[in-house]
Amino acid sequence: MKNIVLWGNTIEYDYYQKYIELEELKGNIYVLAIIFNEGKFIHGIDGIPIIGMEEIMFLEYDYLVDMNHTGQEERLRIMEILRIPKEKIIHAKTFEQPYFDFVEWLCNKKV
28 MKNIVLWGNT
38 IEYDYYQKYI
48 ELEELKGNIY
58 VLAIIFNEGK
68 FIHGIDGIPI
78 IGMEEIMFLE
88 YDYLVDMNHT
98 GQEERLRIME
108 ILRIPKEKII
118 HAKTFEQPYF
128 DFVEWLCNKK
138 V
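Numbering (the numbering used here), first residue to last: 28 to 138.
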C-alpha cells in the first residue's frame, strides 16, 4: 500500500474522490492528507486531514497526486521550492483510465 497526498481544490477533490476512494478500497493506496489551493480553512474532509503546503515537507509519503487542472507552471515552481521530487508526482487524470489499478500501473511505469 502506497501513502499519498492529494493536492487541488475542493471542486477537483469532489470530482476525483470516487477514483481515489476505489483504489483505497482495493488496498492499493492510503490518503495521508489533502492540500487545498484555497488554504487550510477546515481541519479535514471525509476523515482525511487538510494540511498547508509547507507541511508536506514533514510527511513521509510515496506519491503526491496533483488534482489541479490549471496553473501548472506555478505548481511546478512551488513543488520545486518544497523539494518534491518529480518522480513522486502523479496527475489525478491517471486514475480515470478504464479498469485502472494503481499497483499494476506502478509496475508498468517502472518497466
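Hint data in this document are derived by calculation from the structure and do not stem from the laboratory.
Fair warning: there could be bad hints in the mix.
[Claimed, not checked] Subject to a maximum C-alpha distance of 27 angstroms in a straight line, what follows is the list of computed DSSO-like cross-link-like pairs (lysine-lysine): (1) Lys45 x Lys120; (2) Lys29 x Lys45; (3) Lys115 x Lys136; (4) Lys136 x Lys113; (5) Lys113 x Lys53; (6) Lys120 x Lys29; (7) Lys115 x Lys29; (8) Lys29 x Lys136; (9) Lys45 x Lys136; (10) Lys113 x Lys45; (11) Lys115 x Lys45.
[To be verified] Computed spacing ranges between beta-carbons, pair by pair: (12) Ile69 x His96: 20 to 28 angstroms; (13) Glu100 x Glu131: 17 to 25 angstroms; (14) Thr97 x Glu48: 18 to 26 angstroms.
For clarity, every value in this text was computed on a predicted model and none was experimentally measured.
For glycine and all other residues, C-beta sits at the position ideal for the given N, C-alpha and C.
Which hint numbers doesn't this structure obey? 13
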